[in-house]
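Sequence lines, in order, name chains B and E.
With this note's numbering, the residue at position 177 of the first sequence is 177, and numbering never jumps.
With this note's numbering, the residue at position 90 of the second sequence is 90, and numbering never jumps.
Treat the hints with care, since some could be wrong.
Treat identical chains as interchangeable: a pair holds within one or across any two.
[To be verified] Cross-link-like lysine-lysine pairs, in silico, PhoX-like; alpha carbons within 25 Å at most: (1) Lys269 with Lys16; (2) Lys16 with Lys220; (3) Lys269 with Lys15; (4) Lys16 with Lys175; (5) Lys119 with Lys77; (6) Lys319 with Lys175; (7) Lys220 with Lys346; (8) Lys337 with Lys15; (9) Lys254 with Lys15; (10) Lys254 with Lys69; (11) Lys175 with Lys119; (12) Lys337 with Lys319.
If you are wondering where the hints come from, they were derived from the structure by calculation, not from laboratory data.
From a predicted model like this one, the values you see are computed outputs, not experimental measurements.
Number of protein chains: 2
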Amino acid sequence: MSDGRIGLQLRSLIKKGGELEISLVDVPTPEPAADEVVVRVEAAPINPSDLGLLVGAADISTVKASGTKESPIVTAKVPEAAMRAMAGRLDQPLPVGNEGAGVVIKTGSSDAAKALMGKTVAMIGGAMYAQYRTLKVRECLPLPAGATPADGASVFVNPLTALGMTETMRREGHKALVHTAAASNLGQMLNKICLKDGIGLVNIVRSDEQADILRKLGAKHVVDSSKPSFMEDLTQALVETGATIAFDAIGGGKLAGQILTAMEAAIGKTAKAYSRYGSSVHKQVYIYGSLDTRPVEINRAFGMAWGVGGWLLFPFLMKIGPVEGQKLRERVVSELKTTFASHYTKVVSLQEALDLSNLAVYAKRATGEKFLINPNKG
Amino acid sequence: MSDGRIGLQLRSLIKKGGELEISLVDVPTPEPAADEVVVRVEAAPINPSDLGLLVGAADISTVKASGTKESPIVTAKVPEAAMRAMAGRLDQPLPVGNEGAGVVIKTGSSDAAKALMGKTVAMIGGAMYAQYRTLKVRECLPLPAGATPADGASVFVNPLTALGMTETMRREGHKALVHTAAASNLGQMLNKICLKDGIGLVNIVRSDEQADILRKLGAKHVVDSSKPSFMEDLTQALVETGATIAFDAIGGGKLAGQILTAMEAAIGKTAKAYSRYGSSVHKQVYIYGSLDTRPVEINRAFGMAWGVGGWLLFPFLMKIGPVEGQKLRERVVSELKTTFASHYTKVVSLQEALDLSNLAVYAKRATGEKFLINPNKG
Numbered sequence: 001m002s003d004g005r006i007g008l009q010l011r012s013l014i015k016k017g018g019e020l021e022i023s024l025v026d027v028p029t030p031e032p033a034a035d036e037v038v039v040r041v042e043a044a045p046i047n048p049s050d051l052g053l054l055v056g057a058a059d060i061s062t063v064k065a066s067g068t069k070e071s072p073i074v075t076a077k078v079p080e081a082a083m084r085a086m087a088g089r090l091d092q093p094l095p096v097g098n099e100g101a102g103v104v105i106k107t108g109s110s111d112a113a114k115a116l117m118g119k120t121v122a123m124i125g126g127a128m129y130a131q132y133r134t135l136k137v138r139e140c141l142p143l144p145a146g147a148t149p150a151d152g153a154s155v156f157v158n159p160l161t162a163l164g165m166t167e168t169m170r171r172e173g174h175k176a177l178v179h180t181a182a183a184s185n186l187g188q189m190l191n192k193i194c195l196k197d198g199i200g201l202v203n204i205v206r207s208d209e210q211a212d213i214l215r216k217l218g219a220k221h222v223v224d225s226s227k228p229s230f231m232e233d234l235t236q237a238l239v240e241t242g243a244t245i246a247f248d249a250i251g252g253g254k255l256a257g258q259i260l261t262a263m264e265a266a267i268g269k270t271a272k273a274y275s276r277y278g279s280s281v282h283k284q285v286y287i288y289g290s291l292d293t294r295p296v297e298i299n300r301a302f303g304m305a306w307g308v309g310g311w312l313l314f315p316f317l318m319k320i321g322p323v324e325g326q327k328l329r330e331r332v333v334s335e336l337k338t339t340f341a342s343h344y345t346k347v348v349s350l351q352e353a354l355d356l357s358n359l360a361v362y363a364k365r366a367t368g369e370k371f372l373i374n375p376n377k378g
Numbered sequence: 001m002s003d004g005r006i007g008l009q010l011r012s013l014i015k016k017g018g019e020l021e022i023s024l025v026d027v028p029t030p031e032p033a034a035d036e037v038v039v040r041v042e043a044a045p046i047n048p049s050d051l052g053l054l055v056g057a058a059d060i061s062t063v064k065a066s067g068t069k070e071s072p073i074v075t076a077k078v079p080e081a082a083m084r085a086m087a088g089r090l091d092q093p094l095p096v097g098n099e100g101a102g103v104v105i106k107t108g109s110s111d112a113a114k115a116l117m118g119k120t121v122a123m124i125g126g127a128m129y130a131q132y133r134t135l136k137v138r139e140c141l142p143l144p145a146g147a148t149p150a151d152g153a154s155v156f157v158n159p160l161t162a163l164g165m166t167e168t169m170r171r172e173g174h175k176a177l178v179h180t181a182a183a184s185n186l187g188q189m190l191n192k193i194c195l196k197d198g199i200g201l202v203n204i205v206r207s208d209e210q211a212d213i214l215r216k217l218g219a220k221h222v223v224d225s226s227k228p229s230f231m232e233d234l235t236q237a238l239v240e241t242g243a244t245i246a247f248d249a250i251g252g253g254k255l256a257g258q259i260l261t262a263m264e265a266a267i268g269k270t271a272k273a274y275s276r277y278g279s280s281v282h283k284q285v286y287i288y289g290s291l292d293t294r295p296v297e298i299n300r301a302f303g304m305a306w307g308v309g310g311w312l313l314f315p316f317l318m319k320i321g322p323v324e325g326q327k328l329r330e331r332v333v334s335e336l337k338t339t340f341a342s343h344y345t346k347v348v349s350l351q352e353a354l355d356l357s358n359l360a361v362y363a364k365r366a367t368g369e370k371f372l373i374n375p376n377k378g
């Protein structure tokens, strides 16, 4: 299929009966409109944000393989309690893959489209776990000379999310920030940004190994939530940085409330008079991930000036608008091999992505494990 | 003490040892500065927001009386676990009473102050559980002719809080709202405002009696969280009103999360395509009270466009500024005996407020029970 007219595409389907089915299907590549191009996808990361769509609420321990080597099928059970949240996607085979990179092999008739012919471009817009992808010129970002598709595969989601955090911090009037699950690929980028931009960052990790990863990057404030001294360590780091906003990838459990409590305690160390409603300094936790799917449990021991809410990259980009968004993209491209370099554990084909031994690894969302799909891997 | 030079003032003290002590002390009335007046306080409500300061985190079941009839003392134990939250106020006898009303008996030298001589005024600024209160002209609101101190005692907190809710709804782009503990004095006012202004309001109550109170006021949407059909009833009311913001006086437990879940379900009934992150409509719950002091438990079954946070009247008024705040005050005065009329169960003296049988009633914060203190009751 090297002419790109037909290519394999990964599909994730959750059936009404409560079964997840992941498969590969042949799909014709849409002809490009005037302002569109066809890209041969050569690199697409498996981000935590992709896993939500790829495996949904399925119980990974029930996973089974069928089909053939060329056309594998993965199935798994979705627990009944989780089916309510899946209601909107039942019986629709959905393409997956938020971002990727590849080479433009065909273009529409516009000058902007023609200018991309043969170029290596990064892409955003979904359905990237596919051999070919037709998309608009504005969904492509040409990579600098010498950059491979693998270099540019993760240009959008993690780098823009990390920059979105420091931008949100500034726009909402905070001077430093807290990040949880801080040793992640995203967390490492955020550390590089904060070190470069002189922003105070409190990294919350869950093990000595994760703390080491960050300290090696030069992180100044690393606190371990598995230690008995966690609340004291966190409060001290908050006093030192003045952080009053946090981005939390964990979600469930007590962590968001603990962060707010420690922020209030840190503020209280410099407060002058008793206020029955607590400090008037607004303390914010944005939850952007769900590594822990239990309910968020917020023990309100931090006055009334607080907020907890969801945060996502795309609504943030909508809010700041295309001009500001473009500035962030340009920064990512200019620091592609430094601040925003991604590291992958393994590069797999579409078929290999459906191999149960690989799925067992990337579905764990473990720190330091990151897979890259090359849909045209030979 | 009818010359007003010295008067009784109620004080609430939490001692380091873990004991609450409420007492009455004689305090000299400060001489008014040029822009100040002295008011003989004749009516001050016991609002839920006053109880937080009055009894703090004390365990009301341990309450004891001592002292004399003229100078009673109330003591109670503060559970050790709750002492951390009291740290900021230890060993400081604090005056209590957010708002009140009375008659101006002495003024400073400014024209604005002199103009208030003999007038009945409503007051805001704390320390209202006292016989005399010296305060600034701008903390006073002259009441219309014929209005008694009792009519004007609750002009600020409940009416401005209720108006603050509909104002916040508008300013944050929502078209209807949800209110919990909706049969409260405040909730009844909010119903009158919403009926008058044509705003959709979903009232959440916890009993048939509370539902009846609101239906008699003409409330259109009343749902009972104690009923098995609560989630369906709530979702239906949200579909009918389009409410995407809630003000919650309960705080602890699952209610805030249930409201967000029902909002998302209501939005989903009109959604056209599956979005893996849930709807993009922002859903907000503001917690402004703490009738349930347990942790807030948020089961995130409503996508990523959500927020939960604290809401308080005074920061809201600071945010909208004095001009907009004055408009709200003027509306309250002009509808003092209709929309914003308060009803009291009992009028007590300062000594009677410390009577254990009265304290047992008002400290319960029960719907429909509201006490008024008249510090100059004969």
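Right, here's what the structure says about each hint:
1. For a Cα distance limit of 25 Å, the shortest separation of Lys269 from Lys16 across copies, 18 Å, qualifies, whereas the shortest one inside one copy, 55 Å, does not.
2. With identical chains, the CA atoms of Lys16 and Lys220 are never at most 25 Å apart, being 49 Å at best within one copy and 37 Å at best between copies.
3. In this homomeric assembly, Lys269 and Lys15 come within 25 Å of each other (Cα to Cα) only across copies, at 20 Å, whereas the closest approach inside a single copy is 54 Å.
4. Within a single copy, Lys16 and Lys175 get their C-alpha atoms no closer than 48 Å, and across copies no closer than 35 Å, so neither meets the 25 Å cut-off.
5. For the identical chains of this complex, Lys119 and Lys77 are neighbours neither inside a copy (42 Å) nor across copies (74 Å), given an alpha-carbon limit of 25 Å.
6. Taking the closest pair of Cα atoms, Lys319 and Lys175 come within 25 Å of each other both inside a single copy (20 Å) and across two copies (20 Å).
7. In this homomeric assembly, Lys220 and Lys346 never come within 25 Å of each other (Cα to Cα): the closest approach is 30 Å inside a single copy and 59 Å across copies.
8. For the identical chains of this complex, Lys337 and Lys15 are neighbours neither inside a copy (42 Å) nor across copies (60 Å), given an alpha-carbon limit of 25 Å.
9. For a Cα distance limit of 25 Å, the shortest separation of Lys254 from Lys15 qualifies neither inside one copy, at 34 Å, nor across copies, at 30 Å.
10. For the identical chains of this complex, Lys254 and Lys69 are neighbours neither inside a copy (44 Å) nor across copies (47 Å), given an alpha-carbon limit of 25 Å.
11. Proximity of Lys175 and Lys119 under a CA criterion of 25 Å is satisfied in neither setting, with 40 Å inside one chain copy and 48 Å between copies.
12. Neither within a single protomer nor between protomers do Lys337 and Lys319 lie at most 25 Å apart by alpha-carbon distance, with minima of 28 Å and 44 Å respectively.
Consistency note: the structure conflicts with the earlier hints numbered 2, 4, 5, 7, 8, 9, 10, 11, 12.
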